[in-house]
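Chains B and P: place on chain R using the hints.
Protein chains in written order, with my numbering: chain R, 9 to 440; chain B, 8 to 168; chain P, 49 to 754.
For the record, the hints were derived by calculation from the structure and aren't laboratory data.
It is possible that some hints are incorrect.
Claimed, not checked - In silico lysine-lysine, DSSO-like type, Cα no more than 27 Å apart, as pairs:
hint, chain 1, residue 1, chain 2, residue 2
1, R, 136, B, 18
2, P, 657, P, 389
3, R, 325, P, 108
4, R, 375, P, 389
5, R, 346, B, 31
6, P, 108, R, 209
7, R, 295, R, 422
8, P, 135, R, 398
9, B, 117, P, 178
10, R, 252, P, 105
11, R, 209, B, 111
12, B, 156, R, 167
13, R, 398, P, 178
14, R, 65, R, 47
15, B, 117, R, 346
16, R, 92, B, 30
17, B, 30, R, 202
18, R, 92, P, 423
19, B, 31, R, 136
20, B, 156, R, 12
21, P, 105, R, 209
22, P, 66, R, 209
23, R, 92, B, 31
24, B, 111, R, 346
Said to hold, decoys possible - Only some residues are given here: those of chain P computed to face chain R with a beta carbon under 7 Å:
hint, residue
25, 96
26, 97
27, 116
28, 140
29, 300
The beta carbon of each residue, even a glycine, is placed where N, CA and C say it ideally should be.
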Amino acid sequence: MAKKLYNDPSPLETRILSARFGLENSESLTTYLAHDGFKAFRKAREMKPEQIIEEVKTSALRGRGGAGFPTGLKWSFVPRSSPKPKYIVINADESEPGTCKDRLLMEYDPHQMIEGILIAGLALDAHKGYLYIRGEYRYLIDHMDRAIAEAYAQGYLGKNILGTGFDFDLYTHSGAGAYECGEETALLDSLEGKRGIPRMKPPFPAVAGAWASPTLLNNVETFSAIPAIIRDGGAAFAALGTPKNGGTRLLCVSGHVNKPGVYEVPLGYPMLKFIEEIAGGIPGGKKLKAVIPGGSSCPILKADECDIPMDYDSLAKIGSMLGSGGMVVMDETTDMVKVALRIMRFYAHESCGWCIPCREGTTWLRKILQRFDEGGGRHEDVALLGELSKNMLGRTFCALGDAAAMPTISIVDKFADDFEKRLARDRQMVAV
Amino acid sequence: MMTFSPQLEQKFAKMLTSYPEGKKRSAVVPMLIYAQDEVGSITSELIDEVARRCEVTPLQVDEVVGYYSMLHRNPMGKYHVQVCTNISCLLVGGMELYEHACKKLGIGHKQVAADGQFSLEEVECMGACSWAPAVEINYDFHHHVTPEKLDQLIDGLRKAQ
Amino acid sequence: MAELVNLTINGQAIQAEKGTLLIEVARQNGIEIPAFCYYPGLTLQAACRMCLVEVEKTPKLQVGCTLPVADGMVVHTESDTVRQSRKGMIEFLLTNHPLDCPVCDKGGECELQDMTFRYGAGESRFTERKVHVDEQQWSPVVYFDAPRCILCYRCVRVCNEGIGVGALGVSNRGVISEIVPNRHDYLECDECGACIDICPVGALTSGSYRYQTRPWEMTHVGTICTHCGDGCRTTLGVRDDKIMRGNNRDSSGINGDFLCIKGRYAFDFVEHPERLQSPMLRNAAGEFEPISWSTAFATIAETFTAVKARRGKFGVVGSNHTTNEENYFLQKFARQGLGTKNIDHHRTGDLATFFDALSGKNAALATAGDLYTAKAVLVVGADLAQQHPLLSYQARANFRHHNAHIYAVTTGPVREDNQAIASVRVAAGGELAGVESLRDKLKAEGDLVIVFGDSIQGDGLRKLVAFGDSLGIPVKYVCLVDYSNSRGAFDMGLIPRDGGMSIEQMLAAKDLDVLWVVGANPLKNAALGSTNAFVIVQDLFMTETANHAHLVLPAASVYEKNGTVTNVCGEVQKLKQAVKVMGTKTDLEIMGSIAKEMNLNLGIWLPDKVFAEIRKTVHGYDVSLPVVDTGGAAPTMPLNGRVPALPGAIQSAGDTLFTSGSMSRYSKILNAVIESPGGLYGGKEPEVSAQSPTASGQMPGGTVQS
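Chain R on its own, in the form it takes in the complex:
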């Protein structure tokens, strides 16, 4: 029976990674095999490792976890020969607020990702993979365990896969509630049984990652894109998007839209068109106020900044990011003080505490915003919020500090009015 999807697909989508979503038993290996499954792997095993990496480079695929680093380049950093075993780690610690796509890729089409992992294994001569799934996704860990067992049973994992002589073992590994573990080096510490504290770089994971061995880390969606790239060629994938921003990606739209959901579109898809036509526009005919384009770490966009194509470079140009594809749409009734507070509550809760500016900064900012929201705001708070955020920006150990600072700086800059209105209201209430 065809599985009911969490949201209806849109006819405007370009469904490459989500092509099998909604098929009957889409999660089964049988379904996967019946719909192009493992064609790419069969092709890749005839290719030289350099050719595989070259194909990924040609695809202009960029990491779908948030940083948008060119995937082929990342693969090429893993040393060809190594006295130590090499590992592949799949980042399924999806936890950037606004993001819920990796869930679907694992739930509806687990074997697509497995095939992508295996192709990476061929390219890097790696034979073990660890799928780090956030603890909250327990049902998906069980689900992936079943998919992995199915792949083993049919010879798609384990020894001598499909008679190629290539061995690969894949294991799931549960997280236990920590946003910071989405940061790749913190994830590695967590995988090693420690607190998820980010590591100093260099050495980069490609050289010394899991258990100090060369390690490739990519997001679920990044691996899920690999089979299509190898099967149809990197050039075809690249052509779907814009230059240097290859292919399609799954965008998760939430907030004030009529049809929130996860939709696959080519890179460079116009943001306003996406909101209006795919996400069904804003309910109640209200006006757009702001958009967080790619998860809560991204600087917020005002309505008049939203007329842009959604690709990494276009968003970078206007000082924001495509991030992890978590687009949060806000209508004109949205109170930006509450938005800023909720975002900062999150970062203060998730700061690992390792470095001073993030540990103390996020909590201080949260406390100011909390007081402000509760009616104790002061005029100088608005400037202070911006200054403290800037004291964190670029100065913390890892990107979490930036992730907390950037949206705050942008909200205070772009929506100072919301803060001023609150102050005026507070003064009125005192007067009454």
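Frame of chain R, contents of chains B and P only:
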């Protein structure tokens, strides 16, 4: 020494072999969370046991317990109701839903109801943003949750007992 | 020679070794880059972000404590951006810091205060509620005040990396992250206090020092610890003739940052109420009664003169703790003044055979520093972490910093196992066979230091040295001896050479006329054979031996005198008097006064004068005066010539980290923590050895005690 159910023992045995030689420490986080599901909370006895199995010091396990937000030193209810109020949920009534849950269950953040059946937690984003507001009860996701729907869920679980 | 690179810091052209950390290069060139978490010798953290500096051509501020210098680097450490960044960090740090500086132990010597003064803002913009957690006591010596903690992780690292215990960790996350002890709410560790010493703020405080004084009210006296033989420098903070604390605040001497519980806390026996403060003579009723010093000296002089005149039999027992000057003077007194060869001390290592076996070998004595620089270290029959904690620390640091190969051949688990490339467990007596099993591995080492305990003596010791010779690599040795001047006692001649009687022989002799005991306790577990012997004891406390005495003289402890001592590695270091305890005299002054009373000419009894004589007459002690006078450790040369075998037993007292002969009986701190000697072996289950104190806190029975 503690022992767990045969199923869990089997899981742990497999888990300990899935990491490279001499890297049993890697099993600390998953072992803790699976054991917590069975034991009810992270007790000091459990810390010692995980330390023994993973060949680390109890302190090294203790450090981990304090770090991860899903690991609890005190038992939660039989049904742990987790309401997300992060940005996507907030915009579509997540906060109101959480406040409703507080009233409905008569408890607050990380509190356990007197009968031990329900506990409540206001949680951070759990990856259901496009189908917000979201609630996770134990490990089951519930999407597009309204106060009425939450009442039904809770009442249903109460009845099921 | 490593490759040199040219860089510029604040316009100053600098040449440095490629790859050196920027913070170090700056410091070497007189430019301070501030930091909390950076600590030389410990792993890098990059956590405090105080060391952020501007490096041209990089968009973001760079971390000075982790950035290796490179050619052409242009660095600014005092630009507006850098200063603003530091100001911001200090402001962040102070948000949850309680600012209870007026009552904080650290006030006046706090790095956060200093940094705030130099780099911080004049006022705070933080008006929110601070995070508060109540203070916790983790052990008799360690208290933790979480809100003061700035999470620099120095304590965690020094405990784990430096001490090798790993008793501290970090729990929770974010702003409520805090340092936690290994037993959830208390510590089970070495109780060395290294965590307290290394804490830049007042988060970790010392049980014996907290809320006792302001640091500026103390004078600081650098001297040498009086407990084990390792010879750590300790700085005693003194106020009103009372020792308030011990630490090694300038990281000087052979021990750098290291001190164990004894060096840091076990000075408190000095002020124990049972200290002897008056000479005492046994009266007709057999009870002690106080007498004046002049009466005491007259009585002793009279006795000595009479016994000497009738060619009676003297027995002289010296100390493992008294100074070289006192030991030298004592043996001179015995040999020249009393005409006796019967002089000995509690010997805890076979130094006689050791020196004999090394005869003709140059550079065979390892210094404490050698344990840090040798390519390989072999520990034979000793639990270094318990008995020679500095040597253990040195070997561990060598392993961490230089990947030195550590080998252990022991009868039980030792902390060195955690670093060892090979650990061999043997039954008692099987040590040499265990060493032999490592032959091939050891032959492949560049050089080696062999550290061995009292199970290696006599022929066994000769075999061990022969083994070392046969390896074909440079080998140095440390013959372990127990106490702060055990080595000096031997070197100064407190030994029954030339046919003199050993302690055992003195105690057994039925015709002994005088037993003169200076700072030792030979009758602790033995009886005196002679019923007519006049027994004179100089000591700090009423020991078992003092209880047998006719005359007891109150002696000053090492912390109350000047002079020199020689550590287990044969390094000479200078003591400096910190306090004076009313009624006591130094052993040197006591002996000098007796000599004067007897009209003996034994020379001037001032420490400096006696040391000058030692330098001239004792083999290997013509050491550099500037080194000794400036608080350094001057290595001695081994005796170069045959050393005849000596009569008498050689046995280590087997003290633990928490015991130290009779002094530890009078140390409140050592007795307070004595119930938790476990947790000493990192990841392994703590082993309680036969020598460890029992759970009830009783002292282990020992052999002859110093």
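Against the structure, the hints:
1. R:136 / B:18: OK: residue 136 (chain R) and residue 18 (chain B) at ~19 Å, within 27 Å.
2. P:657 / P:389: 24 Å, holds
3. R:325 / P:108: Roughly 19 Å separates the two Cα atoms, so the pair holds.
4. R:375 / P:389: 80 Å, violated
5. R:346 / B:31: 44 Å, violated
6. P:108 / R:209: 15 Å, holds
7. R:295 / R:422: 17 Å, holds
8. P:135 / R:398: Between residue 135 (chain P) and residue 398 (chain R) the Cα gap is close to 13 Å, so the pair holds against 27 Å.
9. B:117 / P:178: 22 Å, holds
10. R:252 / P:105: Judged against 27 Å, a Cα distance of about 25 Å means the pair holds.
11. R:209 / B:111: Roughly 48 Å separates the two Cα atoms, so the pair is violated.
12. B:156 / R:167: 48 Å, violated
13. R:398 / P:178: Holds, at roughly 22 Å.
14. R:65 / R:47: Holds, because 20 Å separates the two Cα atoms, which is no more than 27 Å.
15. B:117 / R:346: Answer holds: residue 117 (chain B) to residue 346 (chain R) is near 22 Å, not above 27 Å.
16. R:92 / B:30: 14 Å, holds
17. B:30 / R:202: Holds: residue 30 (chain B) and residue 202 (chain R) sit about 12 Å apart, inside 27 Å.
18. R:92 / P:423: Distance ~26 Å between residue 92 (chain R) and residue 423 (chain P) Cα, so the pair holds.
19. B:31 / R:136: 16 Å, holds
20. B:156 / R:12: Roughly 19 Å separates the two Cα atoms, so the pair holds.
21. P:105 / R:209: 19 Å, holds
22. P:66 / R:209: 18 Å, holds
23. R:92 / B:31: OK: residue 92 (chain R) and residue 31 (chain B) at ~18 Å, within 27 Å.
24. B:111 / R:346: 24 Å, holds
25. 96: Cβ of residue 96 (chain P) sits 5 Å from chain R, so the hint holds.
26. 97: 6 Å, holds
27. 116: 10 Å, violated
28. 140: 4 Å, holds
29. 300: 30 Å, violated
The earlier numbered hints that this structure contradicts are 4, 5, 11, 12, 27 and 29.
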